[in-house]
Amino acid sequence: MRRLAKAVVLGVWLLITLFPLYWIVVTSLKPKAEIFSMPLRYWPGEVTFEHYEELFSFADFGTYLLNSLVVSLVAAGAVTVTGVLGGYVLARFSFPGRGALMLAYLVTQMIPLFIALGPLYLLMSDFDLLNRLAGLMLVYVAMLVPFSTIIMRGFYERIPVALEEAAQVDGASRLAAMVRVVIPVMLPGIAATFIFAFVQCWNELFLAITFIDSEDAKTIPVAMNSFITQYDIDWGSMAAATVVSVIPTLILFAAIRRYIVEGLTAGAVKG
Amino acid sequence: MSSVARPAFTARKARFIALCLLPGVIFVVVFTYYPMIRGAVIAFQRYNLFDLTSTPFVGLENFRSVLAEDRFWTALRNTGTWVVVSLFFQFFLGFGLALLLRRQFRGRGLYQAWVFFPWAMSGFLIGLLWRWMFNGQFGVVNDLLLKAGIIDERIGFLASPGWAMTSVIVANVWYGVTFFAIMIMAALQSVPGELYEAASVDGASRLRQFWHVTLPHIRPTLALIVLLRIIWILNFPDLIYAMTGGGPAGGTDIVTTFLIQQVIGGDYGRAGAVGLLVLGLLLSFSVFYLNVTRFERSR
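These protein sequence lines map, in sequence, to chains P and A. To convert, note that position 51 of the first sequence is 51 in full-length UniProt numbering; the numbers rise steadily by one, no gaps. To convert, note that position 60 of the second sequence is 60 in full-length UniProt numbering; the numbers rise steadily by one, no gaps.
Worth double-checking, as some hints may not be accurate.
Looking from chain P toward chain A, a few residues come up when the C-beta cut is under 8 Å (computed) [said to hold, decoys possible]:
(1) 8
(2) 57
(3) 82
(4) 114
(5) 117
(6) 120
(7) 131
(8) 138
(9) 235
(10) 254
(11) 256
Everything labelled a hint here was simulated from the structure, so no lab data went into it. Only a predicted model underlies this, so the values are computations on that prediction, with no experimental measurement involved. All C-beta atoms in this analysis are idealised placements derived from N, C-alpha and C, irrespective of residue type, glycine included.
Whenever a hint applies, use it, and build me the whole structure from the sequences.
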């Protein structure tokens with residue numbers, strides 16, 4: 001009886017979670033007439049890919065996809081390397097200013113970045129970085145460095161120092177010990193951090209819409225935001241865009257799901 | 001903090017430390033701290049993007065102008081509702097889910113994969129998703145409620161301020177339960193098994209075990225998660241931005257969407273002032289909250 005009740009509750013919650021996603025997929029596959037007709041159809045009478053075709057012909061979604069991919073991959077890569085180096089130092093050394101740096105990094109996680117939005121725009125304009133993917137990458141890296149460093153530090157602290165010391169006794173330099181002994185143990189954590197950073201960049205909206213309005217440099221969220229006009233949204237295309245833009249994230253999250261719990265709790269949130 | 005011994009500080013190591021840290025530090029200083037501080041300074045200047053010929057310091061003028069605006073006070077009240085109601089449901093539903101998922105059962109991994117995945121979506125996409133579902137005419141929510149006989153005619157969910165706030169909160173709860181479930185699951189797993197064994201030897205019921213073993217053990221973690229979450233929900237305009245744009249008539253504006261409107265309007269002076277007000281609010285709340293929860297812990 002208990003088990004049945006538990007199964008029912010879990011089932012209901014699964015349904016609540018999945019239905020909106022089901023609904024957006026179904027909408028993206030319906031012909032226009034069917035999207036805006038009554039009664040609503042819960043199963044498309046006729047499946048069409050016209051909204052997807054529209055995205056890649058009428059809108060230049062291919063370019064946006066590529067832009068998002070480049071920005072997210074490069075920024076996440078840079079963030080991960082920075083975190084691997086910085087986290088190591090914070091976990092393994094004590095030096096003047098260590099505590100202050102940790103605090104400075106933690107504070108960036110609490111202060112709303114939106115305060116900086118206007119001045120960042122001016123800064124980007126001074127450096128001639130508006131409407132450039134490079135500019136977006138720089139800001140994304142800065143936004144994610146504190147997070148990746150703190151998380152990485154958490155991962156390092158769980159690895160016994162003895163492991164590196166053994167390597168160093170065998171004559172390896174500190175850096176060599178780190179690369180050959182520590183990094184392999186850390187790989188799952190590194191992968192999780194990379195993917196997490198990637199997803200943050202992939203999804204980021206407000207910095208992107210502030211700095212980017214040229215067609216060539218739009219990322220997916222910027223492009224989708226420009227699909228929204230004051231009076232009308234083409235819901236077929238919007239649904240298709242939603243589905244397309246969520247696929248990479250889905251694949252990545254499926255890959256790291258089992259590290260998420262670990263990764264999240266490694267750094268700041270340790271009871 | 002870790003208990004590992006750290007090597008002592010020497011000049012040779014200093015170079016290694018600097019090399020590892022500098023890239024990150026430079027990025028954060030240039031693209032985070034500098035703009036934040038400049039934003040704080042601009043709050044005391046007249047600073048409009050469309051007229052930068054003169055940017056004099058005007059003291060508290062920006063704050064006065066923001067505080068004199070009804071829309072700001074509406075946004076502030078809305079922020080309270082948005083944070084408290086969202087948090088309440090996210091917490092209790094997430095806690096429930098975490099308890100149900102605590103023990104291993106067949107298919108748990110697969111279940112988690114599906115049920116956790118709203119979290120992989122951005123707030124912006126979730127806003128769009130629910131904007132479509134809450135559509136007054138073609139929205140599936142209306143259709144389902146009609147079919148279930150709960151309502152007699154379609155509701156313009158996003159057209160009236162009260163319903164719009166309810167709608168964005170529903171979407172936010174849908175999104176946020178996962179986060180709480182993940183964090184609380186992690187906390188639950190940190191409770192040592194021996195504690196339960198000892199308790200059951202003493203003949204404590206499941207409920208008593210939960211109350212006297214589980215809860216006290218995870219309370220510090222819960223307190224921290226809740227604080228982080230409050231800050232995060234407050235700084236989370238993406239969903240509202242996509243779903244209602246703060247409308248209708250400011251009915252779903254929160255302080256952060258209000259701030260973004262100032263930036264988009266080019267009035268960086270006022271944006272800075274709103275930013276500082278939000279920051280002050282967050283800091284004083286955090287200090288208050290940490291004091292209260294530390295008190296709880298030492299009791």
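What are the numbers of the hints that this structure violates, sorted from low to high? 1, 2, 7, 11
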